[in-house]
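Asks: Chains A and B are the protein sequences, given in the same order.
Note that my numbering has the first sequence beginning at 4, numbered continuously upward.
Note that my numbering has the second sequence beginning at 4, numbered continuously upward.
Any given hint could be a false lead.
Intra- or inter-copy, both count: the list cannot distinguish identical chains.
[As the list claims (entries may be wrong)] Below 16 Å or equal to it, Euclidean Cα-Cα: the simulated EDC-like pairs (lysine to aspartate or glutamate) are:
(1) Lys482 to Glu212
(2) Lys263 to Glu323
(3) Lys474 to Asp428
(4) Lys250 to Asp541
(5) Lys515 to Glu343
(6) Lys263 to Glu401
(7) Lys482 to Glu78
(8) Lys348 to Glu252
(9) Lys350 to Glu122
(10) Lys350 to Asp518
(11) Lys350 to Asp389
(12) Lys250 to Asp29
(13) Lys482 to Asp213
(14) Lys350 to Glu421
(15) Lys348 to Glu323
(16) Lys250 to Asp338
(17) Lys263 to Asp176
(18) Lys250 to Glu132
Hint data in this document are derived by calculation from the structure and do not stem from the laboratory.
Take a look at the letters that make up each chain.
There are 2 protein chains.
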Amino acid sequence: MSTISVHQDQTSVRTLPAGVEPAQFDRFLALVAEALPTERILTSEADLRQFRDPYAFETWTEFTASAAVLPTSTEEVQAVVRAANEHRIPLFTHGQGRNNGYGGPAPRVTGSVVISLREMNRILEINDELAYAVVEPGVKWFDLHEALEAGGHPLFASITDLGWGSVIGNSMDNGITYGPNSQDFGAPCGMEVVLADGSLLRTGMGAMEDNPTWHLYKRGLGPALDPLFIQSNFGIVTRMGYWLTPKPEVVHPFFVTAEKEEALGPLMETLRRLRLDGTVQGIPSFRNTLLLASVITRRSEWSDSDAPLDDATIDRIAQETGIGRWSGRGGLWGDRVVVEHNYAKVKAAFEQIPGVTVTGEPIPFDQIGSREHYYERILGGVPSMDIHNVVGWYGGSENGGHLSFSPVIALTSENAVESNRFLRDLVEREAGLDYQVAMFSVSARVMVNVVMMIFDASDEAQTRRAHDAVKLMVREAGKRGMGEYRAHLDFMDLASDQFAFGDHAYRRFVEKIKDAVDPNGILAPGRHGIWPEAMRPDRSQA
Amino acid sequence: MSTISVHQDQTSVRTLPAGVEPAQFDRFLALVAEALPTERILTSEADLRQFRDPYAFETWTEFTASAAVLPTSTEEVQAVVRAANEHRIPLFTHGQGRNNGYGGPAPRVTGSVVISLREMNRILEINDELAYAVVEPGVKWFDLHEALEAGGHPLFASITDLGWGSVIGNSMDNGITYGPNSQDFGAPCGMEVVLADGSLLRTGMGAMEDNPTWHLYKRGLGPALDPLFIQSNFGIVTRMGYWLTPKPEVVHPFFVTAEKEEALGPLMETLRRLRLDGTVQGIPSFRNTLLLASVITRRSEWSDSDAPLDDATIDRIAQETGIGRWSGRGGLWGDRVVVEHNYAKVKAAFEQIPGVTVTGEPIPFDQIGSREHYYERILGGVPSMDIHNVVGWYGGSENGGHLSFSPVIALTSENAVESNRFLRDLVEREAGLDYQVAMFSVSARVMVNVVMMIFDASDEAQTRRAHDAVKLMVREAGKRGMGEYRAHLDFMDLASDQFAFGDHAYRRFVEKIKDAVDPNGILAPGRHGIWPEAMRPDRSQA
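Full structure from sequences and hints, please.
Replies: Structure below.
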């Protein structure tokens, strides 16, 4: 993978994948052009810019595409995959490619052809009786919400923070949503998948023709394959069921504010108990002062120093903004009497911790869309872009960038405090950046600590320092038994290296599957550290 | 697979697997004997009888083993697998092998060596803080409950009807349990697996050494493999996490009795609504008159006729036993005030249906173990063997046998009524047996209809008729888009044949995985229709 051939033609300078000859690439494009109109085959540098890591500099040549195609149907995806399989062209797929902290829509392998599914955006079904939708990969949270509202459906979706993302794309990376069925990735069910030879697979009960339980039952006869297509490169999901929830009587958001840093341990203990006994559902989360401050203020309002903000300054921000040192939020859904009982439990439990206040009120479901706070709307399935502002802490909204480092932590006081100390120390010491973290309780037993490495994306040195610091964090966290739930393109291999039990038994097993189901290695090579045989890196140093 | 060589030595007549020479088999046994004491290597006909399909006749030669081994540690399992891989001996594994309706502990391929994990029965961990246990495959529901009680743990397990089964074994086949985290197979998390070459794999976060979230987080970095080892033959699970639930204030069983057959549709509509809005958790279930009558009476008490009982007789049984035509049951767990609110909803909703009565009362959790009704105890995690009596309808407790046919049905009135009519007709017409069914709402959106084909297992003709009828049902159900959640050894292939979308794309995909991860095809060949290349049947007629 060290040689990259650059191919110049009339319209563009192309970065072809290593080992691919220009003529071979042209034959591939010619085959694609038989299936897709030319305006949905992009090869110019200008057109391809939108498919780069949004925070990469012009001169960074990694993770750039040779072309992008925008199919609008499963048949077109199949045609592209067949052409790539015939001509040995590496592909990389996204739904909307909006998760910028992990590389956005950019491909892992330089010179890959990006299959952008942004225009494959039909909602194929909304079933009121059985409470599910079937979507294509280009369907955004905004689209799904609009369709539910426009059709007057008595249902809402569990959604994520930013409405511009893809329902399928988020699910394909174990992304977080907040609704009642978000816990343990509960909403996706039943997939249609284009395999490496261009053929179609349906998972679960969908493997039987006309079986109405395809999107209703999480298993099938034989092993369930849905999870195998998540965070992998064994197929391209072109259709998926997504479970919805009947609109409840009320939604009850709750907001937890802790004045003191040392509340973290007791907060996590309390949260776990409320999760395990079923009082709190969905995915509640906690953020530290500087992450939430980043949504509503700019760093320059608080300090002129480049050094990471000290505790005295953070305390000042915590007090003046009212954010506190830790800010938690979650939701309760259901009948008013049940929700009020559970809210009283939540409030009493958290307020036993010194300096902690819990607020919130029950909201009749039909009023949720007109609430001022975006988080309250999100709990009711109403998407927004409000928190996108978070990235502007250093660089302002024009130049804000971020990387995410996201280890999974056991939900205990001890683990929370120790991992937080360790992560903060690394961010401040190695990257020289402020420590900004959001902790998501994706199940009753763990939290995912998303460390948002926010930087000024116009400052190349700072951007590189953020990359380097995260790489160090991946290694250091790995030594302490902390694994990432998801990794940026730039350290997918490194993150995967940390899962070394049994001489990397897990990776050797999934790479056996990779070679069996994609023998030419064309589907997203390298995604989450899974490489096809011909491109497998020398890991003797890992 | 048509030739079976029978090898006679001093102690036994062995049915060796097709293509395996006696000397080859002896070399395998000699290698196993280096790792296991001889008393845990069984080869005599008498010793092997316990590993047959419990309802097979002596003269039926299919599904019989050549030997059985009883390892007590993962290392011993590895040694057996390595020996089998070296000498190309097919294996078949069970935990306790107690699900008699699907073949019990018997192997799919005649002459296989059974790995019985019954004596690998340690509970490796019970974690009070994070509410999970880690068990070996021989751990029974009885064992887990006893350990929780003996240790004074504040937790209980979601369990199944019969306490003699294995926690892992049940999970490996998508078996049903009833507790709060049973829905959508929520309890298992994190596995250790012996692969076909004898090496060890740890799934999820366990793929990282010393990662404390192995049994806490349902995914990992890269594709999640737990579901891939369920209903497959890609590895032998020797360790698994199982999530537990903190003991709630009260358990509130509810019992639904419907006088009339035609209540079925409205019952299922009501159940779905109560499931989708979160009122009812766990796995509620409904049984018809004759299935429940079979637990407490014998057929001879009601009729002398061999013909399937007619509706007049069923009505009489329904009334005299008090069972009704449909009997539903479920549980609510939590704070008394919430549970009482939800129970009132359940009662009001079901009792809107003519002829339906709902009963039940809240039980403080510490009193659940002393309740008379086994189902109430089961809701509190206290196992029993009470319903094993169900199989004696025709043959009495000595000679009772059963086969299960278990399609997954969308949870709507129309699907429930139509599938019930269709299944009853086939059972009565083709098998000449009474129609006995239990319907389990394993998610809010489906039920699994377990048709219990109960027969007199001392009557060979009736037993064969039951097998033949189920085979017909598998085919006919398949034509109507109804797929089984699990199949008996005798029709695993037939059940798998029904999943034919894309020229059997699903099976071709999983068989590619099979060949990649078990190239010698030694692990449970044929399990759920997945065959290794060398043994793959001619499916041109399928």
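Asks: Next, verify each hint and record whether it holds.
Replies: So, going through the hints one by one against the coordinates:
1. Lys482 to Glu212: between (48 Å within a copy, 9 Å between copies)
2. Lys263 to Glu323: Result: close within a single copy only, 14 Å intra versus 67 Å inter.
3. Lys474 to Asp428: within (14 Å within a copy, 64 Å between copies)
4. Lys250 to Asp541: neither (53 Å within a copy, 51 Å between copies)
5. Lys515 to Glu343: neither (52 Å within a copy, 53 Å between copies)
6. Lys263 to Glu401: For Lys263 and Glu401, neither the intra-copy (33 Å) nor the inter-copy (68 Å) Cα distance is at most 16 Å.
7. Lys482 to Glu78: Close neither inside one copy (45 Å) nor across copies (26 Å); limit 16 Å.
8. Lys348 to Glu252: between (19 Å within a copy, 14 Å between copies)
9. Lys350 to Glu122: Neither, since 45 Å and 48 Å both go past 16 Å.
10. Lys350 to Asp518: neither (53 Å within a copy, 55 Å between copies)
11. Lys350 to Asp389: neither (27 Å within a copy, 43 Å between copies)
12. Lys250 to Asp29: neither (52 Å within a copy, 65 Å between copies)
13. Lys482 to Asp213: between (49 Å within a copy, 9 Å between copies)
14. Lys350 to Glu421: Neither. Shortest intra-copy (26 Å) and inter-copy (48 Å) distances fail the 16 Å Cα cut-off.
15. Lys348 to Glu323: This pair counts as neither: shortest intra-copy Cα distance 29 Å, inter-copy 46 Å.
16. Lys250 to Asp338: Only inside one copy: Lys250 and Asp338 sit 10 Å apart there, 23 Å across copies, limit 16 Å.
17. Lys263 to Asp176: Neither. Shortest intra-copy (34 Å) and inter-copy (48 Å) distances fail the 16 Å Cα cut-off.
18. Lys250 to Glu132: within (13 Å within a copy, 33 Å between copies)
The structure shown violates the earlier hints numbered 4, 5, 6, 7, 9, 10, 11, 12, 14, 15 and 17.
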